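Novice: The lines below spell out each chain.
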Amino acid sequence: MHVTVDQDRCCSSGQCVLTAPTVFDQSDEDGLVVLLQDRPAPELAAKLRTAAALCPGGAITLAEVAR
Amino acid sequence: MTTAEQLGLPAPRPAGCPFDPPPNHRRASARFSLWDGNPCWLLTDYQQIRTVLMDRRFSADAHHPTFPFTNPVAREVIATRKQSFLRMDDPEHSRLRRMMTTDFLIKKVDALRPRIQRIVDQTLDEMIATGSPADLVARFALPVPSLVICELLGVPYADHEFFQEQGRLLLDTSQPLGVPQQAMDALTGYLAEVAAAKQGDPDGVIAKLAARGDLTPEEVAANGVLLLLAGHETTANMTSLSTVALLRHPAQAERLRQDPGLILGAVEELLRYLTIVHTGVPRVALERVDLGGGVVVEEGDGVLCAISTANRDPELFGDAEQLDVERDARRHLAFGFGVHQCLGQPLARAELQIALGTLLRRLPTLRLAVPFEELRFRTEALIYGLHELPVAW
Ligand code: HEM
Ligand code: SF4
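Heads up: the sequence lines are chains A and B, in that order.
The opening residue of the first sequence carries number -13 in my numbering; numbering runs sequentially from there.
The opening residue of the second sequence carries number 927 in my numbering; numbering runs sequentially from there.
Calculated directly from the structure, the hints in this document are not laboratory data.
Keep in mind it's a predicted model, so treat the numbers as computed, not measured.
Glycine included, every Cβ here is placed at the ideal spot set by N, Cα and C.
Possibly wrong hints are sitting among the right ones.
To be verified - Far from chain B, some chain A residues (derived; all Cβ distances over 10 Å):
#: 1; residue: His(-12)
#: 2; residue: Thr8
#: 3; residue: Asp16
#: 4; residue: Ala27
#: 5; residue: Pro28
#: 6; residue: Leu48
Claimed, not checked - Looking from chain B toward chain A, a few residues come up when the C-beta cut is under 7 Å (computed):
#: 7; residue: Leu1012
#: 8; residue: Gly1264
#: 9; residue: Val1265
#: 10; residue: Pro1272
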């Protein structure tokens, strides 16, 4: 799974951090989403889908990556 | 055709179940005219509501001429006053919101948890010391979030009787016209005084806002009122309402006592099941939008998003009418959605997890001190809850 985030759409809700804290963080300066890794392990796929669905800004995009 | 006032307040609850959404919000999405004649959609579909709250063609600007107000009091208070960012659109909304986001970040709130736990324990000690029975609203549910938000904002808790009473009047739509306006002015004046007294004292969010060069004193006060009110009324009502819901579902309360880790999910489920923002999240359409399912919103139409009904969507939440503290309820809309989704949600979650968890643990014999039927629910308030909650232990 390949993850991208769009800071312009992030409203600092923190849903992603609650759902997948090893992948997402929020900046101490402005609260915007920060990606900790953009190709998380396949086991995290379900959590990533939940995070993308919960994101109120539509700021998280997921793409399957060919192995 | 349904009459206009049925959309507004008070929002009576179905006979026998004060936890179920107002019956007048349980229908397919439909277009009405409001009490003032303005056209307004009541949206009840989960996907439609998510779409609206994420779409910039729907405005949260309360100064828009056809912004939907569910009653005359709300219009008087909101349309004629300086607004907080709750009722503004981007870019102005996010300019202001971003000044405060770091104060409510999950990591900031996590660092506050020990302090919240101490406040919960001390408040409970005091309630226990005054003896059973007691009013859980006045003795526990209201003081805990008031103490926390006062510390965070730098507002003196000694003034709590004043701001709690004014907040109650402001949100009570059964008050005659004039009373909520006075309450709003009193609160704004109070926050302006608090901010002015902060010169050179850097503690708290209000001081931080006041020290910025780019906000007028009116802006600091208007946003301070929002933070102070949203910071205590909401969590207080969620705490008391959740307590009643758990007392009515003793087997689930027992599960939470046995496995305290379940409280995290339980709080999400209680937020979903109780949805205290019960009058609909308001927006106004800036252009014509086809939402599908035959719902075509015209430019200038008001929209009320009935999140309490959407949170009972049977496709998303199987057996949605039942409280089930062990379900995955995270997709609920109790905090709204889109760019205005609740700023204080990390704080609300932490307070509810700690307050409810501690209450269950320390008072295993907690019970209602009056028959359930005698409880007075806040059907006329903008935020649902209880006027008082007599409990014994
Ligand atoms: C259980 C508790 C709470 C519930 C159910 C709740 C619910 C909501 C909802 C539904 C909205 C969106 C309104 C809209 O889109 O028009 C909102 C916004 C907001 N809430 Fe909360 N809230 C709670 C607790 C808190 C707390 C503790 C604070 C602390 C300061 C807070 C501060 C705010 C603020 C500042 C906004 C405006 C955000 C914006 O417009 O960008 N809330 N809340
Ligand atoms: S869930 Fe979305 S809006 Fe919220 S912090 Fe993460 S990226 Fe930002």
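Novice: Please go over all the hints and tell whether each is borne out by the structure.
Specialist: Here is how each hint holds up against the structure:
no.	hint	in the structure
1	His(-12)	holds, 23 Å
2	Thr8	holds, 14 Å
3	Asp16	violated, 6 Å
4	Ala27	holds, 22 Å
5	Pro28	holds, 21 Å
6	Leu48	holds, 17 Å
7	Leu1012	violated, 13 Å
8	Gly1264	holds, 5 Å
9	Val1265	holds, 5 Å
10	Pro1272	holds, 6 Å
Against the hints set out earlier in the document, violations occur for numbers 3 and 7.
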